[in-house]
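Model the full structure from these sequences, guided by the hints.
Residue numbers (my numbering), protein chains in the order written: chain A, 3 to 302; chain B, 21 to 337; chain C, 16 to 505; chain D, 52 to 359; chain E, 0 to 389.
Hints were generated in silico from the structure; no laboratory data involved. These numbers come from a predicted model, not from an experiment. Wrong hints could be hidden among the right ones.
As a list, the in silico DSS-like pairs of lysine-lysine whose alpha-carbon atoms are at most 27 Å apart [to be verified]: (1) E:308 / E:255; (2) E:318 / D:267; (3) E:166 / E:205; (4) E:180 / B:217; (5) D:267 / E:180; (6) B:56 / E:318; (7) B:91 / B:256; (8) D:174 / A:37; (9) E:321 / D:267; (10) B:36 / B:95; (11) B:137 / A:205; (12) E:205 / D:267; (13) B:95 / A:205; (14) D:222 / C:199; (15) E:189 / E:166; (16) A:205 / B:56; (17) A:205 / B:91; (18) B:56 / E:321; (19) D:267 / E:148; (20) B:36 / D:58; (21) E:37 / E:140; (22) E:205 / E:189; (23) B:256 / E:318.
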Amino acid sequence: MNSSARPATSEELDFLSVQKNSQFRETFLRLCQNKAAVAGMIFLVFLILLAVFADLLFDYQTTCVDLNIAERLQWPSAEHWFGTDQFGRDLLARVVHGSRVSLSIGFIAVAFGLVVGGILGAIAGFFGGAVDNVIMRLCDVFLAVPMMLMAIVIVAALGASMVNLVIALAISCVPTFARIVRSAVLSVRDMEYVEAARAIGVKTGRTIFRYILPNCMGPIIVQTTLRIAATISNTAALSFLGLGVKEPQPEWGALLSSGRDFIRDSGYLATIPGVCIMLTILALNLLGDGLRDALDPRLK
Amino acid sequence: MSEPLLRVEHLKKYFKSARGMVHAVDDVSFTLEAGKTLGVVGESGCGKSTLGRTIIRLQEPTSGSVFFDGKDVSKLNRQGLWEQRRQMQMIFQDPFSSLNPRMTISQAIEEPLALYKICPDRTSRQKRVAELMDTVGLARRLYNTYPHELDGGRRQRIGIARALALNPRFIVCDEPVSALDVSIQAQILNLMQDLQKEFHLTYMFITHDLSVVYHISDEIMVMYLGQVIEKAPAEKLFANPVHPYTQALLSAIPVPSLHDRRERVLMTGELTSPIDPPAECRFSNRCRFATDHCREAEPQLLEVEPGHFVSCFLCER
Amino acid sequence: GCGGGSSDTSDGGAAAEVDTSTLTVALTSEPDYLSTCDHDSLMGVQMNLLTYNGLMRIDMETLEPVCDLAESYTQDSDTEWTFTLKQGVKFHNGDDFTADDVVASIEYAQTFPASTTYTGAIASVEAVDPYTVKITTASPTPNLLYDLAYHYNFILPKSLIESGNDFSANPVGTGPYKLAEWNKGNTITFEAFDEYFDEARKASIPTLEFAIIPEGSTRTMSLESGEVDFVYSVASSDIERLQSTESISVTDVVSVENFFLYLNCVTTDFADENLRKAIAYGINREDIVAGALNGFGTPSYSCVSMGYAESTDENAYTYDPELAQQYLDAWGGDPSTVSLDIICSNDTKTAIATIIQAELAELGITVNIEETDDATYQAAMRTTDLTSAIVSWSPANAMTYVQRFHSDRRNQTPACLTDETMDAMVEEMNVTMDDAARSEMITDIIAYANEICPFVPIYQVNYYRAYNSALQNVVCSATGYVDFCTMSWS
Amino acid sequence: MARYIAKRILYMIPVLLGVTLLVFFIMHLAPGNVAGMILGENATPEQIAALEHEMGLDRPLLVQYFDYLVGLLHGDLGTSYTTGDSVTNEIMARFPYTVQLTLVAAVVSILLALPLGILAAVKQNTWVDNVSMVVSLIGVSMPIFWLAVMLILLFSLKLNLFPVYGADSWKSIVLPAISLGFMNMASIARTTRSSMVETIRQDYIRTAYAKGLSRKTIIMRHAFRNGMLPTITVIGLEIGQMLGGSVLTETVFAWPGVGRLMIQSVEGRDTPMVMGCIILMTICFSFVNLIVDLLYGAVDPRVRTMYR
Amino acid sequence: MNLNETPYALEIEDLSVEFRTRDRTVYAVNGLDLKIRKGETLGLVGETGAGKTTTGLAILNLIQSPPGVVTHGSISVNGSCVLRIAEPEAETPEEAPVPAENAGTVKLQKETPAEKEPEKPAKAIRRKDQKPQIAEAMTEKELQAMRGKTVSMIFQDPMTSLNPVLKVERQISEVIEKHEKLSRSEALDKARQMLELVGIPGERGKEYPHQFSGGMKQRVVIAMALACNPDLLIADEPTTALDVTIQAQVLDMMKKLREQNGTSMLMITHDLGIVAEVCDCVSVIYAGRVVEHGTLEDVFDHTLHPYTKGLFNSLPNMKDRKARLQPIPGLMPDPSRLPEGCAFADRCRYATDRCFHERPEVLHRTEEHTVACHLYTPENIQKGGVLDHE
Ligand SMILES: Nc1ncnc2c1ncn2[C@@H]1O[C@H](COP(=O)(O)OP(=O)(O)OP(=O)(O)O)[C@@H](O)[C@H]1O
Ligand SMILES: Nc1ncnc2c1ncn2[C@@H]1O[C@H](COP(=O)(O)OP(=O)(O)OP(=O)(O)O)[C@@H](O)[C@H]1O
Ligand SMILES: [Mg+2]
Ligand SMILES: [Mg+2]
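Here it is as structure tokens:
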């Protein structure tokens, strides 16, 4: 304090090189101790890689769109690992490309729901009062309708397409996220460090983004993973009802529901996408559970 | 007497609640000289924290005014308040919840420096942070650690360093040591006293630990249900408590010694609800000396002898 | 109860003994109405056939009109017809059937705008005596007998018409079955009408129950488990297995319902005949049938379904990529600028479009598939905004079919092709009362239609009805109906 | 308490209004010509216009909405576009089936889930825990309709135990209820487990042990009710899920409920019917939530006293 | 074993408890000895994390396991053994030096020369196994019979130690019902009497915990703990969560009740003031080990251990406001990485090399007053004056 303002020597600032041991890293390490969660994570990473590099593995046009009626409905074999569908397309290729569609529907819809719902929830939670009331009553309206029904109505109104599906699913995510973020914000809002931030003159926006939201991430991250799972499964359900994505886009739910016609004689057609959906949801759930445990300070 | 650093006048802070108005701070007035420490004691829920927060306007007062250095803080606009915050800081009770778990120590201390553009560039900021860490006795190797890796004493030091970063003149200390073990508590108390001397700080020291408040304060203010019931220099108060509540409070301190034991004045009952209290002496239902008069009107805070203020009908008469 | 008491059949399959007093039929969707004039849906008509009769009926095998409530008829002039009615016919409510009922019913039907096509030609109906009716048409109407066999003109009891009966909830007619219970969304149960007038067509199975099972695989499985005796519409993916199941029979009827690619011939490139033909030749219908229909359909090359007496494949198209290329060249445009947006209103249509998409890609034409629901599709059909759609049509007779080529249909499908020669041919046919001459004219019209290619035929639907092998006399018409009256248990 | 219930029911009114508004306008976003669809392809534009006028479709949307609301207040949900019947009648014919299915599914899933969850929590980190959690994870991840078809194949065709479709005997409801309830059972079990695990760690459980109570008493008397609180909330949400999921189950099993009616009406663009279904489901869901709240109050005295 | 012959309500010998989590092992209690005479109150004083609560829980055999493991030691209540665990490596613990690989978990050697060994010598069952051996333990049934009846415990936080969904009287009555074999209604009556006893109107027993204030809750907890007249009451910081005035009321009441019933008590606290007020003896615990033990007078007026001294010096001086506090520098060592020698060494002004390498043994000043510190030898301990008193 009493030292004069001479330039700092490198030695004096030596402490800067001490490595940060962030909580995220710690959480991650703790997560890694949970075998199930790691399995889920590996599977998801694998899937995401598949989705990203799908084009390198299978050419979309020739394997997923072009028909090959001569080879229709072939059981899995060395040539077609997952068999072929009723149009003679390789199911493996379609499943691989489908992972891209399904995952992006899940991720985009949830991301949208998270951003919009998160902002609404953060606003409601942070400011409280009338704003909170209006936002929450709106959420009540959306939540009063069972999510699936809401999605059906929206897709039905907008027409079945991937974009509309994403919109419908995203909209049905918004109120849930708004609520979760709101309650997370409420639980953090009255923490002393938020008050401390105000005391040292931190402005509202920064308070929300630097002090409140990062500390609400726990329940939000967990909910996000579970929500993605729910969205993928809802996509499949909407596809089943004929409100899913369009042919020839190989969305898993669509694969599963078109495969259901053949479930008796070509069971693999429905089973393989079904198992893919199941595994993905399972992996997301495992990861979500693992995250919940890893983020729980009591289990430290 | 010259203008005191802090003058609080008829400060009120009410909260709306489902069952009525919570009179958390109800018509509090006092003054505080620069460089002094005012201790505030009282039972849990009597409005100590609210008073502290309202003074530095972390909460908007319901009515009343706070003059800091002659300036009415309660009338400042946003920008003015923001400027004013450099002068008035706060140290919080819970060292475990008063630090953002996602910010390293250096980030936490650097935050006010950056916000108020106190240091022109990063390096000088880092240097200043390191200096502050030295000042409060934090080893520099902790520069990049996160609060959860540290014990309560160290965390409280971070809170102090953060408050000091802006070179304030007045600090509200809301129970800064009550979550700490005695040995650590003593370290922090010493530190705070040293800092007070070094930087000529003025403290408002909130606590419910009477031995601590006696040790650190020049003046002590006893609160009960949102009101000040007694205020006097520390020695005077401990030597001659006037208000029955103060008497009971002081006698309740467990003394860690086998010899000079006090006579216990046991109080019955507990703090009543601060929701829409009736116009009577708020302590009357627990008071040994309460008369009908006490239940009919509210006593005023009167100066019974120089510097010793009491709010009780017993001494009014 | 219903379900054919199958829950008690322990050792599975349709092989188990059946409850011969009941016939349980699995339907895909529920009819919206059991009344005659409120709908024009296949399921509704199928139900109407159970509870009502018209003066005429269409014979399910020949598709020709034959007398039903009429004993006989005479054509007095180009526009005047006299019908002698059967006597001793009773309605379900006990009323006797007389000429007054005929008059009341037809006049009742005429109050419904949707029935215009079938009642519009009738200028007047008079009861000459209790069992004689005289019908006068505004212009020569060779179609009258067909129209009278159409459900709009089914006969209802006059007393109930006048009392404002809800014929959907209480379908009282003269039909072989009467409604026992309509459990909305679940089952519709009919009971045989003992006093049915036509001994030959009197129902032999006392109870007829329709179960609404929307899921194809569930329908099939319920037939296999024996809960259902008759599946009205079999999911194509299950046909093969059912065919090979011993206790289950599958009838396969090539229907007159044909699916075609409707093209906007007014505002798009498809106004050019060559381009349309290029597409007509560029589509491999065998592939479509195999891929989209699991092989259960019949490729269609002529603009009017084969199966009518007048049908012809003159000038019909084939799958011929070279020819397609030639027509494309003849058109002269750049195929990559053509974008063919096909509106598909259900999964089958989407599957068809998917294959068309793949095949037209070889001609360099891009196909986009637009999946919509029915309402959007119908709305699009009424505009010239659409490029194309997959459409199906199944008129009861060829004459009705070819009338479609006349330009007066433009007010319903404004984007359809209009051709003066065609208009003249159709107008001439419309007033030709001589059956043989008219037939010939119809054949000519079909051949001409194939030449100008107003749309691209794709396939004719095969109706697959699967049922317990113990059922006899299963008659399924090419127009989609099943004759439940003649069925019996062996 | 009565006041609280009344307040809750009153509160449902604005929510329902919001729902009607929302659904009404979403449905009217949809393109397509309702009158044209009703009249079929042979109708002339004049006929369509006439019908539109008759149905009031040519008026401004807000006017239509208010008309609808007025009708709604009189218990009149309008007339179905496709069947011409009163929507109220149509829905009410199917409603008991949906209630039956959802109730049975809910009861079965709760009865299975609670013991499963509690057992897993009590035997935390043993094989019992692992097995029950694997089962419930599978349950959560299995698409409803896939499970449904599999169930039919196994129980109806192979084993011939239950009918494939319909809603006639008690046997009919078994498979639909399983397929509908399984997923929900799984998530209820998971919630129960985690809340029980949490409860077991609480101080008052330790206090109870220190009192010398047996493990069984502690689980049943102390942990159970506290552990139930989050579960009750989840059960409410899950019943909402089931109402939504019934669309699928009812379609697969040809169960004549509201869910199927709704999807049918969505396809047929039968706006009044869709609105009716949604409103009914929403009311049901709201009532479920009300019951959940009351139950919550019954279990948790803190909530109870708050509303006294 | 012969019950009730021993003069002690509680005897803990050489208790070691570890918490083994995945990434580290916390040595919470390391060779702790405690004895409470019947009818006496022992204060257990120490900093946060010193192992006070763990010790209390160990007496009831309620340490959460996993992660908690009692690795060594014996506990008996009224002479009946709750738990006795033998360390396999130590053949003859009386002589065996601390094994090197065991440095982290250093076990104190036994030195209780003044007291008689319990009838069953600890070495009776000793194996060369790797795992700690349970030599003797109460069955679950016996434990249940003991908990709440012979020994009861008041937990640190009254706010969370009551079940929020059960009526207060029910929570008290269940312990009575369990141990006194009374019917439900009789037990409820008795529960209401207990409430009256701690100064709460009996009819408020029908209420739920959240309707009570903190002080009242703590009283309920006390009523619950005293309901069956336990021989030993473990009070784990019973007043930390309360205001001073309420604390005074509660302590006062506890004192009265204890005197009435002749209950022995283990008073866990970190407040020396409370100790001075309530206790007969004090044990000062540091890093899981008793560093000084004695009567109040011994410890307050003849302070031996530098840590105890430090604690007193840290407290604000009520006589001299201006006197500067003399805090103990530094922090308690990380309980998962305890040093080899004296755990207090690095905070100790007097520490020598020896302190860092060798664990001090327990020395007696008087029969009662013991200390574990290298400053003392049998000679200088009697003289005193080793610590410079200001
Ligand atoms: N934000 C708020 N909203 C409503 N009531 C509040 C709020 N903050 C404080 N109160 C109420 O105001 C009263 C005084 O609270 P305050 O926190 O100032 O007391 P305190 O003396 O600091 O107590 P403690 O010693 O427990 O910290 C309490 O009754 C409290 O419930
Ligand atoms: N369940 C547990 N898992 C892991 N470590 C534990 C557990 N319980 C206690 N510990 C550790 O054991 C050590 C002693 O804890 P204990 O609770 O006995 O301390 P204490 O003296 O009661 O402290 P306080 O004064 O804070 O109550 C601490 O370091 C603590 O972190
Ligand atoms: Mg406070
Ligand atoms: Mg403790």
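**OP:** Against the structure, test the hints numbered earlier, and report the numbers of the ones violated in rising order.
**Re:** 1, 2, 4, 7, 9 and 16
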